[in-house]
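Enquirer: Residue numbers (UniProt numbering), protein chains in the order written: chain A, 1 to 284; chain B, 1 to 333; chain C, 1 to 306.
Hints listed in this document are in silico derivations from the structure and should not be mistaken for laboratory results. Backbone N, C-alpha and C define an ideal beta-carbon position, used for all residues, glycine too. Please note that the accuracy of each hint is not assured.
[To be verified] Distance ranges between label pairs, derived from CB positions:
id, chain 1, residue 1, chain 2, residue 2, range
1, A, R3, C, V157, 30 to 36 angstroms
2, C, S126, A, S144, 45 to 51 angstroms
3, A, R3, B, C306, 53 to 59 angstroms
4, A, R3, B, T19, 17 to 23 angstroms
5, B, V20, A, L24, 31 to 37 angstroms
[As the list claims (entries may be wrong)] Listed next, the in silico DSS-like pairs over lysine-lysine satisfying Cα-Cα at most 25 angstroms (straight line):
id, chain 1, residue 1, chain 2, residue 2
6, C, K221, B, K61
7, B, K81, B, K9
8, C, K123, B, K83
Residue strings, one per chain:
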Amino acid sequence: MNRKDFTRRMRKSKLFLIGLAGILVIAAVCFLSPLFVRFDPLKAELSNRLAAPEGIFGGLSRHIFGCDPMGRDVLTRLLLGGRTSLLIAFSVVLITTILGLIIGLLAGYYGGIADLILMRICDIMMALPTLLLAICVVAVMGSSITNLVVVLSITGWIMVARVVRSTVMSIRDCEYVKAARVLGIPNSKIILKEVLPNVISPVIITATQAFGGMILTEASMSYLGLGVPAPSPSWGAMISDGREYIATAPWVVIVPGIALMLTVLAFNFLGDGLNDILNPKNKD
Amino acid sequence: MEEILKISKLSVEYRSGDTVAKAVNGLNMTLYKGQAMGLVGESGAGKTTTALSVMGLLPDKIGYVTGGDIEYKGQSLLKMKEKELNTIRGGKISMVFANPLSSLNPVFTVGHQITMVLRQHRHMTEKEAHAEAAKFLKMVGIPEYRMEDYPHQFSGGMRQRVGIAAALVCSPEILIADEPTTALDVTIQAQILELMKDLQKTMDSSLLMITHNLGIIAELCQTVAIMYGGEIVEYGSVREVFENPMHWYTIGLLNAVPKLTGKRERLASIPGNVANAQMLPEGCKFHPRCGYCTKTCRTKQPEMICVNENHYVQCWERGGKAETKRPAKGGNQ
Amino acid sequence: MLKKILRRLALTLIVLVGVTIIAFALVRLAPGDPAVQMLPATATQEQIDNMRTRMGLDQSYVVQYFMYIGNLLKGDLGYSFHFNMDCGPLILSRLVNTAKITVIGVIIALIISIPLGLVAGIKRGSALDTCATAFALCGQAMSPVWLCLLMILIFSVGLKWLPTQGVGSWKNMVMPSLCVGFAFCSLVTRMLRSSMIDVLQEEYITATRARGVSKFQVYVKYAFKNAILPIVTISGAQLGILLCGSMVIEQIFNWPGLGQLTVTAISSRDFQLVQSILLIVAVIMVVCNLIVDILYTFIDKRISFN
Chain A
1 MNRKDFTRRM RKSKLFLIGL AGILVIAAVC FLSPLFVRFD PLKAELSNRL AAPEGIFGGL
61 SRHIFGCDPM GRDVLTRLLL GGRTSLLIAF SVVLITTILG LIIGLLAGYY GGIADLILMR
121 ICDIMMALPT LLLAICVVAV MGSSITNLVV VLSITGWIMV ARVVRSTVMS IRDCEYVKAA
181 RVLGIPNSKI ILKEVLPNVI SPVIITATQA FGGMILTEAS MSYLGLGVPA PSPSWGAMIS
241 DGREYIATAP WVVIVPGIAL MLTVLAFNFL GDGLNDILNP KNKD
Chain B
1 MEEILKISKL SVEYRSGDTV AKAVNGLNMT LYKGQAMGLV GESGAGKTTT ALSVMGLLPD
61 KIGYVTGGDI EYKGQSLLKM KEKELNTIRG GKISMVFANP LSSLNPVFTV GHQITMVLRQ
121 HRHMTEKEAH AEAAKFLKMV GIPEYRMEDY PHQFSGGMRQ RVGIAAALVC SPEILIADEP
181 TTALDVTIQA QILELMKDLQ KTMDSSLLMI THNLGIIAEL CQTVAIMYGG EIVEYGSVRE
241 VFENPMHWYT IGLLNAVPKL TGKRERLASI PGNVANAQML PEGCKFHPRC GYCTKTCRTK
301 QPEMICVNEN HYVQCWERGG KAETKRPAKG GNQ
Chain C
1 MLKKILRRLA LTLIVLVGVT IIAFALVRLA PGDPAVQMLP ATATQEQIDN MRTRMGLDQS
61 YVVQYFMYIG NLLKGDLGYS FHFNMDCGPL ILSRLVNTAK ITVIGVIIAL IISIPLGLVA
121 GIKRGSALDT CATAFALCGQ AMSPVWLCLL MILIFSVGLK WLPTQGVGSW KNMVMPSLCV
181 GFAFCSLVTR MLRSSMIDVL QEEYITATRA RGVSKFQVYV KYAFKNAILP IVTISGAQLG
241 ILLCGSMVIE QIFNWPGLGQ LTVTAISSRD FQLVQSILLI VAVIMVVCNL IVDILYTFID
301 KRISFN
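Assemble the whole structure, with the sequences as input and the hints as a guide.
Expert: Here it is as structure tokens:
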């Protein structure tokens with residue numbers, strides 16, 4: 001696909017455009033939030049305990065989304081929590097993609113014992129639900145943001161590696177790769193020049209689609225108290241904090257929940273849109 | 001002879017987003033009882049679209065009949081209700097598809113794919129249908145014990161036999177065969193053609209044979225229609241058309257057939273590409289590729305003219321001139 | 001065929017051995033001395049040392065691993081100090097509870113998602129399709145935590161129809177089941193829709209229509225069977241995951257299932273129990289996948305058992 005074709009398809013895909021716009025807005029608001037938030041996200045102020053939302057008309061100096069059980073401003077925590085969530089998800093997706101790409105390429109291209117071992121490791125990892133494995137490992141290692149990233153990466157690379165492996169295996173048997181081998185071109189060069197460009201699209205699609213899942217897993221872990229350690233804000237932990245007050249102060253739960261859903265939705269849109277655009281099977 | 005299928009001024013469009021492809025443009029064609037007719041043209045000429053329009057199976061929300069009519073024994077198929085159409089499809093008019101690998105459902109046994117036709121049209125019980133289907137499979141050369149097998153257990157040729165059995169099991173009056181042998185090996189092609197020829201004769205069905213292989217037409221059909229850019233450009237008995245081709249496209253097609261005998265010579269090909277259904281040229285649709293193109297050809301759509309009672313052609317250059325000069329390189333077989 | 005079954009069994013065995021290694025490693029890496037945890041806080045050093053010898057903790061890791069495997073083969077899943085009982089019966093009783101809400105949830109999910117996905121795929125671009133797609137997208141983007149709390153807010157706080165947690169009457173099972181089934185429901189709806197769209201473009205569907213089979217029959221009897229295949233493939237892993245219990249959902253509704261047991265085991269640092277749960281979970285997953293694979297060969301004869 002040439003660049004012109006790509007841009008044209010990109011403009012045509014509504015899913016992609018909505019997803020991209022959503023992510024850009026969310027990321028911009030979250031990452032620029034230190035410039036404009038007026039409250040301390042960590043300092044408890046019990047006089048404001050569970051203060052009700054005041055809406056946007058009072059400006060940023062009021063509690064737009066109300067306060068949580070510790071009297072902290074929900075909006076401030078929401079924005080800073082979003083920053084953490086996005087950073088964690090981004091780091092994990094980056095690490096898993098690189099790891100999965102390398103392992104998948106090697107296993108798929110060379111096959112043999114490396115492939116056999118990879119597939120068995122995949123089988124073993126797939127026999128344990130991601131969340132369960134992640135929680136067990138965090139329980140052993142202790143909860144911190146670094147550990148969270150490590151754990152989610154350990155469980156996440158398999159997806160990418162499998163996708164890369166199967167793509168590479170189908171490309172490996174193509175005539176042009178065989179021809180390159182017959183011509184005596186070294187394997188490293190074939191992998192970089194012939195195979196790699198073909199796996200880029202499926203990897204981008206898988207990575208984008210994994211983003212939403214990562215954010216949700218992180219939220220579930222934070223809810224169970226094994227994710228982002230308190231008192232740092234995180235959407236999962238915020239929902240957890242508000243759980244007991246759901247009858248009297250539902251905003252504490254509803255606001256981060258909606259933020260979570262919109263973010264994941266934006267990433268899923270982007271992933272599906274990219275799938276439409278990059279997948280040669282989908283003609284327009 | 002009794003007219004059994006009459007297509008008049010049929011136009012079909014494919015619409016997707018902003019693009020419109022005019023696949024069939026005012027096509028006229030008549031098929032008589034017991035007759036075998038060939039429909040020839042390059043890929044993209046609108047042959048399959050014509051067949052699907054007759055079956056009423058143009059893809060939903062993409063293919064639209066924009067004009068004309070298709071009549072089966074005087075009844076308009078286009079105006080018919082879905083329920084009536086279902087009694088005709090597979091019962092009175094049936095179709096053999098181009099690719100036997102994709103036209104049989106992989107998760108049902110071949111036996112089921114034939115009995116489903118019988119149960120649909122003859123309202124037979126499971127047992128009766130089974131016996132009848134077995135009989136037909138035997139006729140196409142597949143033993144009864146293979147009825148419980150799945151399509152993937154058969155070779156391409158065998159699958160096409162199943163497809164033919166499913167199409168003929170209710171003794172339809174019209175059989176539309178859409179390039180039934182294109183996907184098969186040459187040796188298997190001959191067997192399948194032989195089989196179709198026999199079955200068509202014994203059942204006295206009419207046959208509409210869609211192909212781009214002129215040899216098959218010569219072998220199987222009495223009349224032939226040459227299709228280009230969604231319309232029929234030349235029509236007549238096989239003998240007439242092949243021995244005395246009038247349209248320059250037909251001549252080009254015949255010249256492109258390799259000959260096994262005689263001096264070796266370069267194969268002639270028709271210059272240019274098949275007419276693009278999204279941007280059809282003005283006037284005669286073949287004119288950009290025609291070596292004998294005149295000013296009128298570029299601007300005005302030619303009418304079908306009668307060469308003799310067995311031969312019709314749609315070409316300005318031949319207009320009024322029944323006597324033709326044969327091209328230097330003879331084009332018949 | 002026999003060779004394939006043997007191969008399959010060998011692969012299953014490798015998976016289970018792999019899981020025992022992970023589970024074993026986890027317990028050894030976990031902070032805290034298992035022997036200390038087994039004893040009351042007042043235990044003397046001598047008692048602790050005795051316990052260590054009894055539990056084999058003074059042996060090398062390799063020996064300990066094989067002792068662990070030996071115990072497993074005898075059917076001994078270990079002892080949970082937090083619950084003061086053998087892990088085996090404990091896990092089993094919790095598994096039954098999880099199975100209850102899972103089965104109900106999955107059945108509800110299938111009742112909703114199959115017709116919805118089918119119709120959305122057939123009537124592509126219609127209003128119903130838009131609604132179904134929106135439902136599926138939101139369903140997959142929704143955190144289970146939030147979904148549960150939202151349900152509580154609506155059904156318990158707002159309408160006061162259902163109790164927020166606990167066990168006992170059927171009312172207690174409604175919300176957990178719905179929450180368990182929700183994600184599965186949206187997944188199936190979405191997959192069935194796209195798979196139906198693909199199948200309806202296949203030539204064999206046109207061929208079936210060309211044989212005079214009515215549209216309705218083509219959709220429900222023929223295309224559906226083709227379209228359900230990819231869903232059967234993924235549902236093995238999905239069912240396994242659901243049966244292992246959603247930690248979040250069971251925790252929120254205080255439903256005494258496997259998921260809640262896991263959370264309790266981890267938060268009370270009962271790693272013997274965690275170890276056994278991991279193993280049981282792996283067995284459930286493997287069995288679910290196996291059942292689905294067998295089921296698959298019945299629907300699609302092209303794939304022979306492998």
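Enquirer: For every hint, state whether the structure bears it out.
Expert: Quick rundown of the hints versus the structure:
1. The hint said 30 to 36 angstroms for the Cβ distance between R3 of chain A and V157 of chain C, and at roughly 54 angstroms that hint is violated.
2. The beta-carbon spacing between S126 of chain C and S144 of chain A, approximately 49 angstroms, falls within the hinted interval of 45 to 51 angstroms.
3. Taking 53 to 59 angstroms as the suggested C-beta distance range, the pair R3 of chain A and C306 of chain B conforms, at roughly 55 angstroms.
4. Distance hint for R3 of chain A and T19 of chain B: a CB-CB separation of about 22 angstroms, consistent with the stated range 17 to 23 angstroms.
5. With their beta carbons about 36 angstroms apart, V20 of chain B and L24 of chain A fall inside the hinted range of 31 to 37 angstroms.
6. Taken as a hint, the K221 of chain C and K61 of chain B pair is honoured in the structure, with Cα atoms around 22 angstroms apart against an allowance of 25 angstroms.
7. With a C-alpha separation of about 21 angstroms, the suggested pair K81 of chain B and K9 of chain B falls inside the 25 angstroms cut-off, and the hint holds.
8. Taking the CA atoms of K123 of chain C and K83 of chain B, the gap is about 19 angstroms. The hint holds against a cut of 25 angstroms.
Comparing the model with each earlier hint shows a violation of hint 1 alone; every other hint is respected.
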